[in-house]
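Student: Residues per chain are reported as follows:
There are 2 protein chains.
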Amino acid sequence: VEWVEIQRGLVIYICFFKGADEDLVPKIVNMLLNVKLSENESGEYVSVLDLPGDVLIIPQATLGGKAKGRKMQYHANIEKEKGLELYSQFVTVCEKELAANAKCMEAGVLVKHGTYGNRQVLKLDTNGPYTHLIEF
Amino acid sequence: VEWVEIQRGLVIYICFFKGADEDLVPKIVNMLLNVKLSENESGEYVSVLDLPGDVLIIPQATLGGKAKGRKMQYHANIEKEKGLELYSQFVTVCEKELAANAKCMEAGVLVKHGTYGNRQVLKLDTNGPYTHLIEF
Numbered sequence: 146v147e148w149v150e151i152q153r154g155l156v157i158y159i160c161f162f163k164g165a166d167e168d169l170v171p172k173i174v175n176m177l178l179n180v181k182l183s184e185n186e187s188g189e190y191v192s193v194l195d196l197p198g199d200v201l202i203i204p205q206a207t208l209g210g211k212a213k214g215r216k217m218q219y220h221a222n223i224e225k226e227k228g229l230e231l232y233s234q235f236v237t238v239c240e241k242e243l244a245a246n247a248k249c250m251e252a253g254v255l256v257k258h259g260t261y262g263n264r265q266v267l268k269l270d271t272n273g274p275y276t277h278l279i280e281f
Numbered sequence: 146v147e148w149v150e151i152q153r154g155l156v157i158y159i160c161f162f163k164g165a166d167e168d169l170v171p172k173i174v175n176m177l178l179n180v181k182l183s184e185n186e187s188g189e190y191v192s193v194l195d196l197p198g199d200v201l202i203i204p205q206a207t208l209g210g211k212a213k214g215r216k217m218q219y220h221a222n223i224e225k226e227k228g229l230e231l232y233s234q235f236v237t238v239c240e241k242e243l244a245a246n247a248k249c250m251e252a253g254v255l256v257k258h259g260t261y262g263n264r265q266v267l268k269l270d271t272n273g274p275y276t277h278l279i280e281f
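Chains as they are written, first to last, in the working numbering: chain W, 146 to 281; chain Z, 146 to 281.
Read the hints as simulated data drawn from the structure, not as lab findings. Watch out, some of these pointers could steer you wrong.
It does not matter which identical chain is meant; a pair holds if it fits inside one copy or across any two.
To be verified - Quick list of in silico lysine-lysine cross-link-like pairs, BS3-like style, CA-CA up to 25 Å:
#1 Lys211 <-> Lys163
#2 Lys268 <-> Lys257
#3 Lys241 <-> Lys216
#4 Lys227 <-> Lys163
#5 Lys257 <-> Lys213
#6 Lys172 <-> Lys227
#7 Lys268 <-> Lys227
#8 Lys268 <-> Lys163
#9 Lys211 <-> Lys248
#10 Lys181 <-> Lys268
#11 Lys211 <-> Lys181
#12 Lys268 <-> Lys248
#13 Lys225 <-> Lys181
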């Protein structure tokens, strides 16, 4: 059993739909690392790169579910192999973006991630849940 | 400072958009309490009423945000007063539904909720995050 942990930062739940491709990955990463979702010491909202903060990436295919009657169906989700490929690229691009950011490097912030397609436990501790949905 | 806590069950993050009204509340509650999102001891998916499990309701207006450039905007969200009204009704209807369910009453399951419009801390512990988005 492996356990990853981040400190203050951004938790990303990611789900790929059918039709998603490699070109989309840098766009998503760029958006998520630059959108102002993190509160700094002065109470201003800044990006996780500007905070700077850690990033935890969680594969969450269930986000692609649609309720049909009392059951959830996942027909819109990408095929598992392609999803794994995009997920791995997503993690790699995030790592590169943080590594290319001087503020992040200086602060020693981390990118951690879950493994695709496996059940994983999660413990989350927030000082105000601040959940957003961003579609691409 | 008040702290509420649930055991095994369902965590609901709720956000009301402009145009939501009272008629919608029982429909949402009925759906969320009956959709099969909870894993029982045998690994089958059942509703939170059938589990039976606790319910934690968290007001989460940020879910209504849309990214505009690098900032989130919340123009689609309902006005604060109306949102509070619907949120209170939502909590009440959930409580009634659980109280009307023999299995839930026997098991002594709980409905707990956050307060609307205030910052609240959250600690979450899952045995596999299993996040779904259900729109009404």
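Student: Hints first: check each against the structure and report whether it holds.
Tutor: Against the structure, the hints:
1. Lys211 <-> Lys163: So Lys211 and Lys163 pass the 25 Å test inside a copy (14 Å) and across (22 Å) alike.
2. Lys268 <-> Lys257: both (14 Å within a copy, 19 Å between copies)
3. Lys241 <-> Lys216: Cα proximity of Lys241 and Lys216: across copies only (23 Å, versus 39 Å in one copy).
4. Lys227 <-> Lys163: Answer is within; shortest intra-copy Cα gap is 9 Å, inter-copy 37 Å.
5. Lys257 <-> Lys213: Neither, since 34 Å and 27 Å both go past 25 Å.
6. Lys172 <-> Lys227: within (18 Å within a copy, 36 Å between copies)
7. Lys268 <-> Lys227: Neither: 28 Å inside a copy, 33 Å across copies.
8. Lys268 <-> Lys163: So Lys268 and Lys163 fail the 25 Å test inside a copy (29 Å) and across (33 Å) alike.
9. Lys211 <-> Lys248: Close neither inside one copy (40 Å) nor across copies (27 Å); limit 25 Å.
10. Lys181 <-> Lys268: both (24 Å within a copy, 23 Å between copies)
11. Lys211 <-> Lys181: Close across copies (12 Å), not inside one copy (29 Å); limit 25 Å.
12. Lys268 <-> Lys248: Neither, since 27 Å and 29 Å both go past 25 Å.
13. Lys225 <-> Lys181: between (31 Å within a copy, 23 Å between copies)
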